[in-house]
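Student: Listed here are the chains, written in short residue letters.
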Amino acid sequence: MGSLARAYGRPLALTLTAILVLWILALILVPLGAMVQQSLWWKDSAGDLSLTIDRLYNDIATLQLDAGNATDAAKKAALDAEIATKQGEATALEAQELNPGKQWGLDNFTRMSSLHLYIFVRTILYALMVTALALIVCYPVAYVVALASGPRKAIILTVALIVPYAINELLRVYAWLMILDYRGVINGVLGWFGVVDLDNRGWIPFLENPSAVFLAMIYTYVLFMVFPIVNTLETLDRNQIEAARDLGASTARIHRRVIIPHAKPGIAVGCIMTFMLSAGSYSVPAIMTRGQGGDWFSQLVYRQFFESNNWNMGSAYAVSLLVVCTAFILLMMRFFGVGLRDIAK
Amino acid sequence: MAWTAGIRPVGTTNIVAYGSSMRGKDVRLDKVSIRFGDSTAVQPTDLAIHAGEFFSILGPSGCGKTTILRTISGFIEPTDGRVLIGGEDMVGKGPNERPTALIFQNLALFPLMSVAENVAFGLEARGIGKAQRLKRAQELLELVALDQYGDKKPADLSGGQRQRVAIARALAVEPSVLLLDEPLSALDLKLRQHMRTELRSIQKRVGITFIYITHDQGEALAMSDRVAVMSRGRLEQVADADTLYAEPATPFVATFVGEQNVLRGRITTLADDVASVETPIGLVTGRAKGALKVGDEALVMVRPERISLGASNANTVPARLVSRNLEGPSVNLLCAAAGQNFTVTVPNGPAVRDLPEELNLSFGLADALVYPMGALAHG
Ligand SMILES: Nc1ncnc2c1ncn2[C@@H]1O[C@H](COP(=O)(O)OP(=O)(O)OP(=O)(O)O)[C@@H](O)[C@H]1O
Ligand SMILES: [Mg+2]
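Protein sequences appear in the order of chains P and R.
Heads up, the final residue of the first sequence is numbered 345 in this note's numbering, and it's a clean run with no missing numbers.
Heads up, the final residue of the second sequence is numbered 379 in this note's numbering, and it's a clean run with no missing numbers.
One thing to keep in mind: the hints can contain errors.
[As the list claims (entries may be wrong)] Cut-off 27 Å, straight-line C-alpha distance, at most; resulting in silico cross-link-like pairs (DSSO-like, lysine-lysine): (1) P:K264 to R:K130; (2) R:K152 to P:K264; (3) R:K153 to R:K190; (4) P:K264 to R:K153; (5) P:K86 to P:K43; (6) R:K190 to R:K152.
[Said to hold, decoys possible] If you anchor each label on the Cβ, the simulated ranges turn out as follows: (7) P:N209 to R:G127: 41 to 49 Å; (8) R:A131 to P:T251: 23 to 31 Å; (9) P:A252 to R:G37: 27 to 35 Å; (10) R:A186 to P:L29: 44 to 52 Å; (11) P:G150 to R:D188: 30 to 38 Å.
In case anyone wonders, no lab produced these hints; they're calculated from the structure.
For glycine and all other residues, C-beta sits at the position ideal for the given N, C-alpha and C.
Take the sequences, apply the hints, and build the full model.
Tutor: See below:
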């Protein structure tokens, strides 16, 4: 703050600090805090309460019957008193049922069913596979783009990468849906050649396989993998590639020893982004599987919020995903031996 | 592609025997020309570089030096003609299949590898085991006096040290021809002069052919056995340093190497190889270089140190002293005669301390070279 004030003057320094604080609040602390807070409490299960209330009303009805039949004034008074207390208890419990008490604790995290846990683990594995496949697909693309020069580069970039991504993500996913559907483009072409028999539902069920989701996801997130790698590769001195070749290195060795080490920070950023996006993607698995393939964890989170209406559980799921993703980032940085500083470059 | 096909086996000699185990090869360009699209970078060129020679290619920026070097190393295929190394046609052979090693203009060391790994990289590419290749890297680092620096990263070294790492890395693959693309241009003057001697002595020790590219005539003249002067994609002259300086073949070479006083004029008489030229300062006689005819426009070149004060030579010009610049061992006198400027370099001494304003400049017939009209090095 002191140095800021000296560099920019007091008013500007105050404004900058205010913007920074607002930024941190709005982008990190408030949403995350709300989510974590939500995940740490739950409402008392109302089930037992209703049963108790029902029992009380049963008792009251019996007592009222007894009271109606009673001839002894003293006994009737005793019964009325009992009815009154039970009525009081019931009213209190009803109030509690309408406004259940909060319970704090980690139960939302520990109560995940084994099926959901399985889906959680599977989603992480799928996301890892998507990341690995995207890396395999994108590295050569990034290499070609980064080493192309002049107008050729602009053409490759625009035609191959910018134009497809000018189209909305949903539309692109739906396009893949149309391609892979039972009566989609591929099955249509195969049917036309007589390879599959569409009339008798003899199509190939691409969409029932998780790889359909992989395909759409890789397609959707290619840019996030390609651009960081292109960025780092562009800073590679091409003479180094030539020097390695001149010294007799094979293409594979040049990549392994010279190019990939240089591209590491970009690869790490690309993997982190792709992993985060695919682990948290809702629309792609929702659209591509249409309930035919297995759920992804993001779909479970969605359902907790909007179908089960259990926001606490949903928050706990979301926070779990976040924790695993963060762990993944740290692991990747460790694995690639890059620090935040390298990534910022 | 068969990557291993042309890779040379590396001998098992240790560094003491490096000089004898490495053998230079001769390099021949046979009517080589190189075009990029419509523009011609190198005109059809014949050139023979001897085995074990320190050969320099000297020329101004953009004249095609790098292009020639990259053609020899195999990064560029010549548009026409052939490159022969050790008598063998190199057509279709990639840079990794030729007995050459290139030192890049910017060195292109691998920044993420240690110095030792850099030097060992060529051996690694040939599948030599780690212990053995690091041992040889260490020997090469000794050769360039960097044996303490194997574990450092290139970025931790000084410019001159990085330079020597690049040399060691190139020598590790035991090339027959070492190609150097202005490797000293990034160094400061003092280091550059030191590295000249260093390079020359390394070349003497390993005995292989060095082809050295530079636009610095001082470097080329000081280090080389022979120098090729290049201009606009054409070889102007190939000769040893003394010949280049004393007998430049073209006006370009005459003005690019060393200083010249240039006179323009028209040839009046021509007998044997003596030409008389009518110039703004009168009739000048000199030695004819190149194809001349009476009546042709011509250029007369006289080196500043070939002009003496006084009137005792074939050509004498009365001139006015404009300024006197002390260079230390010598003095540069700037003179004017009939609108023509002359630079005269004379040894420093009492005789040149108090000069009169009016002088006679004179130079012999052999000191004036007469060329047909042609391009000069500096406009
Ligand atoms: N790949 C290329 N494509 C098109 N033109 C090129 C290419 N490489 C070089 N040139 C052209 O060929 C000519 C010679 O270039 P070259 O790099 O050989 O010059 P140079 O003598 O090494 O110059 P410098 O001293 O500046 O390094 C230049 O006009 C250059 O623009
Ligand atoms: Mg060059």
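Student: Confirm or reject each hint.
Tutor: Results for each hint:
| no. | hint | verdict |
| --- | --- | --- |
| 1 | P:K264 to R:K130 | holds, 24 Å |
| 2 | R:K152 to P:K264 | holds, 21 Å |
| 3 | R:K153 to R:K190 | holds, 24 Å |
| 4 | P:K264 to R:K153 | holds, 18 Å |
| 5 | P:K86 to P:K43 | holds, 25 Å |
| 6 | R:K190 to R:K152 | holds, 24 Å |
| 7 | P:N209 to R:G127: 41 to 49 Å | holds, 42 Å |
| 8 | R:A131 to P:T251: 23 to 31 Å | holds, 26 Å |
| 9 | P:A252 to R:G37: 27 to 35 Å | holds, 32 Å |
| 10 | R:A186 to P:L29: 44 to 52 Å | holds, 50 Å |
| 11 | P:G150 to R:D188: 30 to 38 Å | holds, 34 Å |
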